[in-house]
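S.K.: Each chain is listed here by its residues.
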Amino acid sequence: MTPEQLHRVIVTVADAVIDHADELTALDQAIGDGDHGLNMKRGFDAVRADAALLAAKPLPEALGAIGLQLVMKIGGASGPLYGTLLMAMGKAISPDGANIAAAFAGGVAAVKARGKSQPGQKTMLDVLVPIEAALSAGAPDLPHRLPAIAQAAAEATVPMEATRGRASFLGARSIGHMDPGACSSALITAAVCRALGD
Amino acid sequence: MTPEQLHRVIVTVADAVIDHADELTALDQAIGDGDHGLNMKRGFDAVRADAALLAAKPLPEALGAIGLQLVMKIGGASGPLYGTLLMAMGKAISPDGANIAAAFAGGVAAVKARGKSQPGQKTMLDVLVPIEAALSAGAPDLPHRLPAIAQAAAEATVPMEATRGRASFLGARSIGHMDPGACSSALITAAVCRALGD
Amino acid sequence: MKKLMNAADTMLAESLDGFAAAHADIVTLAADRKFIRRRTLTPGKVALISGGGSGHEPLHSGFVGRGMLDAACPGQVFTSPTPDQIVEAIEAVDTGAGSLLIVKNYEGDVMNFEMAAEIAGDHRMATVVIDDDVAVPNSTWSTGRRGVAGTLVVEKILGAAAEQSMGLAELQQLGRAMNARTRSMGVALSPCTVPAAGKPTFQLGDDEMEVGVGIHGEPGRKRTRLEAADAIAEEMIGSIVADLAPSEGRECLLLVNGFGATPSMELYLMVNAARRILQARGLVVARYLTGSLVTSLDMAGCSLTVSILDADTMRLWDAPVKTAALCW
Amino acid sequence: MKKLMNAADTMLAESLDGFAAAHADIVTLAADRKFIRRRTLTPGKVALISGGGSGHEPLHSGFVGRGMLDAACPGQVFTSPTPDQIVEAIEAVDTGAGSLLIVKNYEGDVMNFEMAAEIAGDHRMATVVIDDDVAVPNSTWSTGRRGVAGTLVVEKILGAAAEQSMGLAELQQLGRAMNARTRSMGVALSPCTVPAAGKPTFQLGDDEMEVGVGIHGEPGRKRTRLEAADAIAEEMIGSIVADLAPSEGRECLLLVNGFGATPSMELYLMVNAARRILQARGLVVARYLTGSLVTSLDMAGCSLTVSILDADTMRLWDAPVKTAALCW
Ligand SMILES: Nc1ncnc2c1ncn2[C@@H]1O[C@H](COP(=O)(O)OP(=O)(O)O)[C@@H](O)[C@H]1O
Ligand SMILES: Nc1ncnc2c1ncn2[C@@H]1O[C@H](COP(=O)(O)OP(=O)(O)O)[C@@H](O)[C@H]1O
Ligand SMILES: [Mg+2]
Ligand SMILES: [Mg+2]
Ligand SMILES: [Mg+2]
Ligand SMILES: [Mg+2]
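Protein chains in written order, with UniProt numbering: chain A, 1 to 198; chain B, 1 to 198; chain C, 1 to 328; chain D, 1 to 328.
FYI, nobody ran anything at the bench for these hints, they're computed from the structure. Incorrect hints may appear among the rest.
Said to hold, decoys possible - Okay, derived cross-link-like pairs now, DSBU-like style, lysine-lysine, Cα gap no bigger than 35 Å in a straight line:
| no. | chain 1 | residue 1 | chain 2 | residue 2 |
| --- | --- | --- | --- | --- |
| 1 | C | LYS45 | B | LYS116 |
| 2 | D | LYS2 | A | LYS116 |
| 3 | C | LYS2 | D | LYS45 |
| 4 | D | LYS199 | D | LYS2 |
| 5 | B | LYS112 | C | LYS222 |
| 6 | D | LYS322 | C | LYS199 |
| 7 | C | LYS222 | C | LYS45 |
Unchecked claim - Derived contacts from chain A toward chain D, CB cut-off under 10 Å, selection only:
| no. | residue |
| --- | --- |
| 8 | GLY37 |
| 9 | GLY106 |
| 10 | ALA109 |
Cβ atoms here follow ideal geometry from the backbone N, Cα and C, with glycine treated the same way.
Construct the complete structure from the given sequences, taking the supplied hints into account.
M.R.: Pasting the structure below:
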């Protein structure tokens, strides 16, 4: 990945999160504490401000730095989780990004460990795990198919009953709403693919 | 005045105050603290409960006892003022009530002293003083004319700017509302006349 | 109306019972709930007695205890207590050195305390009337200004002085002097609802505030669009300082008081705004007090109070106090 | 949204600055407002550190001081603090005896404190997680219960024990035991509004209440018509006591906590209701605490907390405390 490509990815993802912050907050108001969009925006505002510096780093360092930035800015549940995802990916990825599938799998494993969670619990993992599977399976048109996979996975959280995260406090009342973290994961996936596809 | 008459006066006045409590409270919400009806109702509930006992006393004692009852139950500004009015009247009145005009004048003087107030300040005195004047002037059909005098006097408080009582805190903003105490005085006047006229 | 209550006419009684149970180490509630008094009196000390309408809690019952009041008479909601309450309180807590009655300047309060003093005529008594609210113009030919949150400042300082054996006449003098050096002003963001009335005392639009509001929800100077906290603080401090006219470099106490429905985060934000404005005007904020201490039922908003302190009153302010609502 | 504020993104900072100025005798605010710490540390004492999202004031910053916390890390509104805040707090207040991290059971808080502990690995540390809210069913396969007002009880008791030189492992054990003996439940009469969101987190009808609400305005067990205070207290105490299953005649602490917009009169009315219900169930209410102490911004409503106390924990509860919000 060239620094230009990385820069485009960072900016596209940050803009997507920032633009959809209200939507994420609204989802979190329904089954959480109404701050997911605010949290993500705070994190990605900081990342976007540093985009040039971050993109200039080698890919492993860049991912680690973005992860740390997210941890230190987001707070809440999503900060440590997205931060852990990226920091773990940064540790595993090769400078050319060729082992993205393995690195992403490493990131998802780290998220599971950090969150003591599994797919099926109505969290971001319900999007991250299907993406991990698609990346492992591989396919030439993956960047075009991933957004739909992620979106379908996010939508699949609607009928779930949450057993992790704040929505779990609602029990059965969490059914019928999309998980905010699943939504942000799908959003970020789409933005990454868009930036790489351009 | 017979005990039956006195009983009828007490009950008619108490019922009038109790029935119009919401109206008095609404007036006090506009330019005071919204409790005049509640206060008056609390006082007259107590008086009404004791009506039989009170009516059995000679007139001077009865007025004094009603006044004390009002002082100890109403609180606020209206408690000491109506209480003082009746207690002073009780001290001055003859058992047959023949000197009602003089006794009432004594009561009004006591109210002025207690309230450090004068007519023209948008208070109950703006009703009590015209009644005092009408009583002093005397006339055979007074019980029929007094309610209209009192009502007109209460309405005359609408354009006044208050300089005493809570409404004075509003300055010019007190203009345009009837004074709650003036309204209750007119109400009580009408009830007394009604009871005596029956 | 949304309140944690059973019925409007038992609300005050139930709340007083809860208060007395919760603070049984400090206070006792008299028969018929006529007054709240210190559990233990100090013989020979002047008794400090206050009271007023309920709905301003913790004022006054929360300020009964060592270093502050000896008794507080709770009236009905927003209604002065009746003379019998005050007389019985005087009789219960006057240990021989006399009683100082601390009264907020509302005619209801003033007249009921006056009637009580007439009835309890064989006790030595003196009265201090508090009128710290600059939202209302001062004058001698009218009711004058309202007594609001500054009452707490005067009660604290007098409480400490009484504890240090100051006599009745001196206390009255100190109370009047403290009142003269204390000014407040309030702003409401939402109205309050008297339980028995069942509906709000006034109406405010979604973007409006009432500037100069009283602690009974009395309308204030004006109703305007809700402004930024800095602008609100500027207007309130401006009015207070104009009235106090303190000389440059004077030390003062800043009391930021919530009206009942104002969260702590907003009160401390106002502390920050007010202290910067006071400093810019050459005053030294030497002491702070922040909290919902002189409230107006469930009204949202706050008042700012500034008291000029000298070395003596600063010492009295700092003297220990142990009541349900104030402790240091 | 009606708040005393200048701008949503400076609100927390301004409020923290006001708090630090007002309580400069007790606390200092660290650079970049990362944490609030005691002005003076006690060398050799285990450091007690808590923190969490802001909007619950005075929790936790108001509980920093002698007899309670050494540091508190304020996150953004309703958002856990970040690991750097916690790491810097540990480094600032650990005087060698180690640090006890008191964390409310929200995954955000748990994970951020966990990451902090990983980063500050060279310090001795232990963690106590508070999960006292009976409105949420307990279980090991899910997030489990929320930490709410009971946090303050655990912080007070641990604070006293740490002051009396209890060691890190023992404190952790005591904290866990205290948490197991502490249960809470809340009810909301109105929603709260996160400043940055600008609109209420949930909607309630004019005659509705949310039973079992969380301190972030999280929906609770059910939404029903607003009931009388006695019925509300009965339901809350019923749930608490069913879960605690205390033996007859046990002594307990009753904490009646306002959520931010609840007037004192209503809180004490709830004290009165809850104490009668507890007594009827054979519990002895030996200690009371009443106030808006673990809040949810401008939410109206309250929570009830019951903690079973034995002779030791009673002594620790009674031990002196001097913080901005608690003092005895
Ligand atoms: N244990 C967990 N494992 C995986 N994801 C989680 C976990 N807990 C929370 N999440 C995710 O985090 C999202 C909430 O993030 P956010 O609102 O920013 O934090 P908070 O819940 O602390 O307010 C949830 O929608 C969910 O997707
Ligand atoms: N100084 C006074 N002199 C005469 N009447 C007064 C005075 N102060 C108040 N009032 C009367 O009392 C009425 C208010 O009574 P109420 O609402 O019961 O008491 P409060 O003002 O203490 O709430 C006013 O409307 C006015 O008529
Ligand atoms: Mg959230
Ligand atoms: Mg009134
Ligand atoms: Mg009144
Ligand atoms: Mg959150």
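S.K.: Given the proposed pairing of B:LYS112 with C:LYS222, does the C-alpha separation stay at or below 35 Å?
M.R.: Measuring from Cα to Cα gives roughly 31 Å; hence the hint holds.
S.K.: Keeping to a limit of 35 Å between CA atoms, is the pair of D:LYS322 and C:LYS199 held or broken?
M.R.: violated, 40 Å
S.K.: Between the alpha carbons of D:LYS2 and A:LYS116, is the straight-line distance 35 Å or under?
M.R.: violated, 39 Å
S.K.: Holds or violated: A:GLY37 as interface residue toward chain D, Cβ cutoff 10 Å?
M.R.: holds, 8 Å
S.K.: Quickly compare the C-alpha distance for D:LYS199 and D:LYS2 to 35 Å and report which way the hint goes.
M.R.: Cα-Cα ~10 Å, so holds.
S.K.: Are A:GLY106 and chain D close enough, Cβ to Cβ, to be under 10 Å, as the hint says?
M.R.: violated, 17 Å
S.K.: Regarding the pair C:LYS2 and D:LYS45, is the alpha-carbon distance no greater than 35 Å?
M.R.: violated, 46 Å
S.K.: Tell me if the interface restraint on A:ALA109 is satisfied: Cβ within less than 10 Å of some Cβ in chain D.
M.R.: violated, 16 Å
S.K.: Are the Cα positions of C:LYS222 and C:LYS45 separated by 35 Å at most?
M.R.: violated, 44 Å
S.K.: Between the alpha carbons of C:LYS45 and B:LYS116, is the straight-line distance 35 Å or under?
M.R.: Holds, because 33 Å separates the two Cα atoms, which is no more than 35 Å.
Hint compliance for this structure: hints 2, 3, 6, 7, 9, 10 are not met, and every other hint is.
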